[in-house]
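Peer 1: Take a look at the letters that make up each chain.
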Amino acid sequence: MKGKAEIREFVQGLLTNYGDDEPLANGDSLLLSGRLQSIDAVEIIMFLEQTFGIDFAQIGFDKELIDSVDAIDATVQTTMNCKKE
Amino acid sequence: MNSWMDKRTGNSRVARASDNQLATGHAENVLKVLSAYPGVLEAAVLFDTRDGFIAFVVPNDDYLDDVLGRKNSESMIINRWQKAVDLTQFVKGTAPYPVGLNTQGWNSAYTGQEIPRNEMREWLQVSADEILRLAPKVLYEIGCGTGMLLMQIAPSCDRYAGVDFSPATLAKLREQLQSVPSLAGKVEVIERRADDFGSLDCNSFDTVVMNSVIFYFPNLAYLSDVLEKAINVVKPGGHVYVGDVLSLHLLPVFASSIELFLGDDELSVAGLREQIRRRVKLQPWLFVSPAFFLSLPHRFSKVSRVEIRPRLGRASNEVTGYRFNAIIHVGHSDESALEVAFEDWTERELSLQDIRTMMRQRTEAFGIMRIRNRRLEKDVNAFERIWPADASLTTAEFKHQCAEYVMSGIHPQDLIELSKEESGFEIQLSWAACRPDGSYDAVFSPVRPSQFQSTRRILWPKPEPADLLCFANAPGQEKYRAQLIESILTHCRQNLPLDLVPRDVTLVDMLPRTSN
Chain Y
1 MKGKAEIREF VQGLLTNYGD DEPLANGDSL LLSGRLQSID AVEIIMFLEQ
51 TFGIDFAQIG FDKELIDSVD AIDATVQTTM NCKKE
Chain Z
1 MNSWMDKRTG NSRVARASDN QLATGHAENV LKVLSAYPGV LEAAVLFDTR
51 DGFIAFVVPN DDYLDDVLGR KNSESMIINR WQKAVDLTQF VKGTAPYPVG
101 LNTQGWNSAY TGQEIPRNEM REWLQVSADE ILRLAPKVLY EIGCGTGMLL
151 MQIAPSCDRY AGVDFSPATL AKLREQLQSV PSLAGKVEVI ERRADDFGSL
201 DCNSFDTVVM NSVIFYFPNL AYLSDVLEKA INVVKPGGHV YVGDVLSLHL
251 LPVFASSIEL FLGDDELSVA GLREQIRRRV KLQPWLFVSP AFFLSLPHRF
301 SKVSRVEIRP RLGRASNEVT GYRFNAIIHV GHSDESALEV AFEDWTEREL
351 SLQDIRTMMR QRTEAFGIMR IRNRRLEKDV NAFERIWPAD ASLTTAEFKH
401 QCAEYVMSGI HPQDLIELSK EESGFEIQLS WAACRPDGSY DAVFSPVRPS
451 QFQSTRRILW PKPEPADLLC FANAPGQEKY RAQLIESILT HCRQNLPLDL
501 VPRDVTLVDM LPRTSN
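Protein chains in written order, with the numbering used here: chain Y, 1 to 85; chain Z, 1 to 516.
The hints are simulated quantities; they were obtained by calculation from the structure and are not laboratory data.
If you're wondering where the values come from, they're calculated on a predicted model, not measured in any experiment.
Heads up, a few of these hints could be off.
Below, a sample of chain Z positions facing chain Y; criterion: calculated Cβ distance under 8 angstroms [said to hold, decoys possible]:
| no. | residue |
| --- | --- |
| 1 | R80 |
| 2 | K83 |
| 3 | A84 |
| 4 | L87 |
| 5 | F90 |
| 6 | V91 |
| 7 | N107 |
| 8 | G112 |
| 9 | A168 |
| 10 | L262 |
| 11 | L282 |
| 12 | P284 |
Subject to a maximum C-alpha distance of 20 angstroms in a straight line, what follows is the list of computed DMTMM-like cross-link-like pairs (lysine to aspartate or glutamate) [unchecked claim]:
| no. | chain 1 | residue 1 | chain 2 | residue 2 |
| --- | --- | --- | --- | --- |
| 13 | Z | K479 | Y | D40 |
| 14 | Z | K281 | Y | E43 |
| 15 | Z | K281 | Y | D21 |
Idealized CB from N, CA, C, for every residue including glycine.
Given the sequences, and given the hints that come with them, work out the whole structure.
Peer 2: Take a look at the structure:
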């Protein structure tokens, strides 16, 4: 099942790389807060491209689009809905 | 006692200490077993009466690539950086950049914000001026990006080939080139990875430039491969300019300065130390030692010498403070070296005024070594204090202590400006000594119309032998290196008596050539 749980698991994996075992709320800022580094943004983008087929060359990139689990999920939902239309 | 063996030549050498002849004999056995392992290119062992044998191993890159699977990770790392660079061009809602100054993606590691445009303008001018002094006419630029250097340098060239791995960036560059019709006939832009030189002929360019590029490279082996190819295409008398190299020796200070900037004020010094260690370990960029570039004349007969220069510029930021330029001179040179006596700056802590007086009083070239680097002084001071500090202090308390430090060093740019004021002397700076405190060396040579001092070879202070062991960090390779160490130890356990199995295996990039 692809969805928020999978996104959350992926983000949690990135945080674990930094030894970050603080609780993660879905609304917590990841990149703008400095909890993840900008190179991790690329990991998230590649994950979204591979898992959900999102093309950031088409939709444009903004760190806020992927700054929290909720934001990532919203980006996925919005893009998928646009594709359906 | 120490021993080493080079598998490529079969040479082995054992330094004997009179009190441990037995260990010397055993060392040869340990070396033999270590060197028989296919993942080992070269090995050395140290014997300590308390800890037993400790092994230093230069890994076999082919083994890491093909057997342990690093090659796949290499492609993944390059793809990831390509994606990262592409993404910088997809950022929404940014104002258009001036032609030749698209600094999109040049973000501060401290604030995450774009480095101010005036600082980037200075950075660009410094780089372009340095390259233009090499008088390039036929130039190949690896990682031309959006063409910041190209726009400055191509007008002086007969031919300029720019390559980059990011299609999105090249698309922007091609757009910009349309607004400069005078470059149309001489500039060629190609989408290509750094290690792909296509079918370029040997000696077909006078200059190869790689500026702000090699930190994207996955490992030292890849960098070596690219440099070998670059040296091959440069004709004798030409140069390979490797700019904006992140200095391996300054990585710990850099990591510490970022953590101090970002760190929560309530975090303990113990926690801060842990964050610094983690930042060093997880660093995604390739940091390289000047010593690696200094080794090139020994590896490639076509290279006559290498200069290592700290970056110039007044701005105080990571692109000036923690990076250096390596200028590789290609082709045999019969020029004599300028021999200069170096005074140690730390003995008298010379001020800028003292140096000005020296320039006015002297008529011959002179050098000053170990000049404390004002640009990095506060960061270095904080880094040096953090390890002996009381671990229970908070970061805020620690920062407060550091704030009391009074600087006494000299800013490299101040020396350059001094040379403009005191017109009789030319000043050259070097970071060849690889000191982890960022101190630098300077040579002051009288300007004589018949001489071109800036092109002369100078016998700069050299790195300490210990600084030659590691040439680069290994971003993203921890898994492969740990696997290699474990497999070497397993091999030793299977082939040596238990008490001869090395207590520890350290992977290094080079071993000393002499028993000392």
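Peer 1: For each hint, tell me whether it holds in the structure or not.
Peer 2: Going through the hints against the structure:
{"no.": "1", "hint": "R80", "verdict": "holds, 5 angstroms"}
{"no.": "2", "hint": "K83", "verdict": "holds, 5 angstroms"}
{"no.": "3", "hint": "A84", "verdict": "holds, 4 angstroms"}
{"no.": "4", "hint": "L87", "verdict": "holds, 5 angstroms"}
{"no.": "5", "hint": "F90", "verdict": "holds, 4 angstroms"}
{"no.": "6", "hint": "V91", "verdict": "holds, 5 angstroms"}
{"no.": "7", "hint": "N107", "verdict": "holds, 7 angstroms"}
{"no.": "8", "hint": "G112", "verdict": "holds, 7 angstroms"}
{"no.": "9", "hint": "A168", "verdict": "holds, 7 angstroms"}
{"no.": "10", "hint": "L262", "verdict": "holds, 6 angstroms"}
{"no.": "11", "hint": "L282", "verdict": "holds, 6 angstroms"}
{"no.": "12", "hint": "P284", "verdict": "holds, 5 angstroms"}
{"no.": "13", "hint": "Z:K479 with Y:D40", "verdict": "holds, 18 angstroms"}
{"no.": "14", "hint": "Z:K281 with Y:E43", "verdict": "holds, 18 angstroms"}
{"no.": "15", "hint": "Z:K281 with Y:D21", "verdict": "holds, 18 angstroms"}
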